[in-house]
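Enquirer: Let chain A serve as the given structure and place chain B on it in line with the hints.
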Amino acid sequence: MSDYETVIGLEVHVELATKTKIFCGCSTEFGGDPNTHTCPVCTGMPGSLPVLNRQVLEYAIAVGLATNCDITRYCKFDRKNYFYPDNPQNYQISQLYLPICRNGHVDIRTESGVEKAVRIHEIHMEEDAGKLIHDDWLDASLVDYNRSGVPLIEIVSEPDMRSAEEVIAYLEKLRMTISYLGASDCKLQEGSMRADVNLSVRKVGETEFGTRTEMKNLNSFKAIARAIAGETERQIDLIESGEKVVQETRRWDDDKECSYAMRSKEDAQDYRYFPDPDLVPISVSEELLDEIRSREPEFREAKIVRYAEEFGLPEKDILLITENKHLADVFEETVACGAPAKKVSNWLMVETMRLLKENNLDPEDIRFSPKNLASLIKLTEDRTVNSTVAKEVFEEMFKSDCDPAKYVEEHGLATQNDEGALRETIQKVIADNPQSVDDYHNGKEKAIGFLVGQTMKAMQGKCDPGSVNKILKELL
Amino acid sequence: MSNITEMDALTLGREIASGNIKVREATESYLSSVKSKDEQYNCYVTVDEEGAMKAADEVQARIDKGGLKGSPLAGVPVAIKDNMCTEGLLTTCSSKILYNFVPTYESTAVAKLRDAGAVILGKTNMDEFAMGSTTETSYFGPTRNPANPEHVPGGSSGGSAAAVAAGECVYALGSDTGGSIRQPASYCGVVGIKPTYGTVSRYGLIAYGSSLDQIGPLTRNVSDAAAVLTAISGHDERDSTSVNKPVVDYTKSLVKDVKDIKIGIPRDYFGEGLDPEVAAAVRGAADVLKNAGASVEEFDLSLVNYAIPAYYTIAAAEASSNLERFDGIKYGYRTEEYAGLHNMYKKSRSEGFGAEVKRRIMLGSFVLSSGYYDAYYLKALKVKALIKKAFDDAFSKYDIILGPVAPTTAPKLGESLSDPIKMYLGDIYTISVNLAGLPGISVPCGTDSDGLPIGVQLLADCFNEEKLFRTAYTYESEK
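Here the protein sequences line up with chains A and B, keeping their order. Quick note, the first sequence lines up with residues 1 to 476 if you use our numbering. Quick note, the second sequence lines up with residues 1001 to 1479 if you use our numbering.
Warning: the hint list may mix true and false statements.
Pair by pair, the computed Cβ-Cβ distance ranges are [claimed, not checked]: (1) B/Ser1396 with A/Phe30: 17 to 25 Å; (2) A/Arg119 with B/Ser1370: 33 to 41 Å; (3) B/Gly1273 with A/Ser27: 54 to 62 Å.
Partner residues aside, some chain B positions facing chain A, computed with beta carbon under 8 Å [claimed, not checked]: (4) Leu1205; (5) Ser1211; (6) Ile1329; (7) Tyr1333.
Just so you have them, the derived chain B footprint on chain A, three or more residues with Cβ under 8 Å [claimed, not checked]: (8) 47-58; (9) 79-85; (10) 112-126.
Hints listed in this document are in silico derivations from the structure and should not be mistaken for laboratory results. Quantities reported herein were computed from a predicted structural model and do not represent experimental measurements. Ideal Cβ positions, reconstructed from N, Cα and C, are used throughout, including at glycine.
This is chain B alone, in the form it adopts within the complex:
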């Protein structure tokens, strides 16, 4: 069956459930797609051919015995970002310091997917420890954008987004701390959702910024995103920050109806720095929703310019502490020669971490230092609270906030890393969403004149994913 690698997850899942396609067949199709394409795109750090085939047979056996009836994703091959622990399978965070780390435990999100009958193809490339917006900071080399391999796929979940776009998996899991799902989804022309903080358990997700990190799906369309999020969300008693709410079936929100939806467009998002082609495509998306019956108006969100410094202060502070455990003692990379404990720490970490990770560890250590804590870290927390309040005010008037995902389309490889500040500024539309804990989705809304994909970002208030899916689905259907 030649078109397996073009099917979306729900379609392939239906074909597998009805017996038209065997899980082994689906898995083999994707493994051969990976084989033929990954040399060019470098989406994967690890391809687990053996594990995938074994899982395929096990899932098929469960289906044949009448199991997995309620699971639309049974037998569908998936790729996992390499910062989610997979039992017995190399998990590197695309860092030299974890080049040999094989977890003895499974992250909750991956365990939930396995329960739902997913077949895991392998682990996708990312910016080292999810720090970056281009997937160029990976120890295992950059991933390339399938829309144009001279361009980056975005990041940090660039391997996951590119793998979906290239047909090297049906869907993928990514993680989003400041836009790391939505921005690569936008650059690669796929759908990506960051759910409300606390929706998906972080247990087994190797932390970058713990108060901001969320796992979410990257998919070919909005329907798949709803199905995958349904499968991976839910309370986990091993994660204190996971919210104890009943599990929602988000696929019930896949309805074409936005007549009751009030959309606000922040004027502040369309100022200086936004590429006119991106602006036009995003406004075009707003028009589609208006024509479908939604009310659309512009408003002033305010505080937009404070989000970047607040974000880089908080995320770096948490990262500096989260990454302390990588010291060469218990697992991972240890320097070859050393004189005493402190020299071993210093050399292992100097050699094991890349430049961008070191930059953020230093920044984070600085803002937490005695004498600077109040001026930087505490102030950033206050800004975070104000940003949350600005969104609360906005959501008292609007159901959905619509805007761009990123100021431009995907830059060329090598253009971004030379100027980190410029790279950080590229996160302007995505990071305030993490600071406020909100759900946000990126849906493809066109291409620029070079054929590079553009995404529109829709935001909703916390735990209003249903409105988000309904609006996104309506847009996707009507565009």
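Isolated chain A (complex conformation):
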């Protein structure tokens, strides 16, 4: 087996984050009752005409520039003709002859340290189809056109990948780049990023490619890895047993961990592509390119280097914070408000992550302002609140973006700095707990923890545990 190598190319569909559809003004919002986000255009009514959403073009160009593509300065849309009820016109508006981006590449680095460039053949814009629902009760098929006309880009790579690890590094790179651009949230599970895997095998040293298959229905990185392993094995088995690999499209069943043939090349339809006469060719000006270039964000690689140099953060912190651009933005803005970088990083990595996870939210859903996080950190720094209180305040901030100073004041959560009152309380605690005092004097260091706890309780948490400890020891 080891004398074979796997050759993989990817077709990645990414749903763009526009508010409206690619050729009409209907909302792209997910959900909604069937056929409520529709109009004559996206339901293919006779006489309706498509008009290109400019934001789609700008996102596609931004992704192209970020992946080192040549931008096609005179580009067109083509019709891909095929009959299926999810496709209301029975043609999909896509790009074949003059796609918006060509000849790009992205640099990847795998977990095991392989570094290489994966070339991008092209990126084109197209419309999504509707959704068919097979209703067994009615014994009928129903169609929902809410998704019809949602904008997609398809990123077609060259067959440059040789392992599942490289495929995942490539997808991660695309996901990071595109989400940093704000062009899509790129979620595999939710279908806003979909990858079809073209795979063939050949003996190591061969220069010709083997016959490839195309694998569909891959909804997670794990499924992709399993499908690649499964298909590689299947193809090698075929060759080893003297059979031939058939060029076909296969569907991966991740539960059963095997794939089924969907259609072979012989059944391939003739899509009769031709330029869509309803859409005028697009001329991309140098000004537009400059404008899009000027909006390009600092990408993750650059941030990783800068965070290490500028903030001296540990690598673990940097990787976590830069995983998501919004999180990185919150970090940078909080630091800009004067908070120490490591403290900010701690709040984001621990409490923020915990609350996001508990509430099933994404970093994009973070509501607290960097200013308020900075002021909470300030309150802990000057010991106005202790860490337990700070967490309580943060939870409220996470929910309602409250002003932490105000919240602490309104709820009387500030640490008692009146040492006289504290001493009085501690003396009372000592008097009430003779057993613990004895234990302490008999060398049980742990007993002091109990006494600190009792004091904190008596002070309703509004004191600094360090000071309590110090005074206790002194009085004992």
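Expert: Frame of chain A; chain B shown alone:
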């Protein structure tokens, strides 16, 4: 008032504006004209009596309140070709496959007419999906030529042309993909203009050949055509191919003056196949313009013989894709019995489309097929570009090109469909105009010995409708 149905649109509009004629009265006159004549001519697929009367009262109320002052067409009854979507009103394209289709939206051209106070009488008959030159391919039976009911009215906007000629409406909207306004205008003895591609929004026009289709008016005279085109033209953000230019008031071009106009007559248009009576009438029209002060000379346009194959390749290719949406699933005709999805598609489309539509779908699917695309479709696009260049060269020398609209006058019913190639060849003078996107107008220039109307075609360079109207108006006034 007995002569209402003889008035042109601008005259009737003036009478209505001055209060001499009420909109209701005008509408009733036309509805009764339709009632008495349409059984014979079959100009209409749908007559919307109720909608027309309701619109008449609404328009009258607007006028009475001092509205619609700048609109010369307020209150004037109009007929709309049945391939333009009308909200709430049956729109069939004269096809069985859309026999029950009621749009929920209005085409832009119709909406503009309604804004201008037009009263829509109904929807006119046409060749199925605008494919044909005789209005005989309609699912709802052929329209007859009011000049002689044994003859066809031309097509595909035959219902619109015949309705104007018969006095069943004051004016009508048609659409022109390869001559479908100009040729029936010529056969029926009315004026018809296809504007420059992009002048009138195609939103709501059920597409045949998207890169060639244009909406335009069919009218009793050149002045009405100028007024109607002014009302329906203008940029529409719902149509990417509509041109973003300021709206022109074409009625300002209705001036008798052609002294600065250089007219070229393509020698190639007067060759084999042109009926001598038609040739004589067209040359007569050129003489009228020469006498009015225009310079007239002959020239070689070239490439004339390539226009028909290029046109039928491009139009059929686009049509094959445009008509895919008619599948029996979402609206329109669905076959009664079927076994599974593909059988439903096949049966619905086989039963829903007529022979000429199927012929063009097959032709179009073929020329777009892998292996044939370059040889047919791409080559046709190259021919189209060359034809455009030939016209560009011609318009560097001439302001107007003058020639026949069609090689003959209207044929008898039943003569054309048996030989589709012959029918396609009849489009020789009109289709290159669509390929080049140019404006063209057909103006009546006489009749043949059987009393059938003949039209002269005037062409101008893109967006030079003003010269076209000025020349046409001068000819109409001086003839």
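Enquirer: Hint by hint, note whether the structure agrees.
Expert: Comparing the hints with the structure gives:
1. B/Ser1396 with A/Phe30: 17 to 25 Å: violated, 56 Å
2. A/Arg119 with B/Ser1370: 33 to 41 Å: 26 Å Cβ-Cβ, so the 33 to 41 Å window is violated.
3. B/Gly1273 with A/Ser27: 54 to 62 Å: holds, 56 Å
4. Leu1205: Holds, because the Cβ-Cβ distance from B/Leu1205 to chain A comes to roughly 6 Å (cut-off 8 Å).
5. Ser1211: holds, 4 Å
6. Ile1329: holds, 5 Å
7. Tyr1333: Check failed: Cβ of B/Tyr1333 comes no nearer than 13 Å to chain A, outside 8 Å.
8. 47-58: Per the Cβ count (6), the hint holds.
9. 79-85: holds (count 4)
10. 112-126: Three-residue rule not met by the segment 112-126 of chain A, so violated; n is 0.
Against the hints set out earlier in the document, violations occur for numbers 1, 2, 7, 10.
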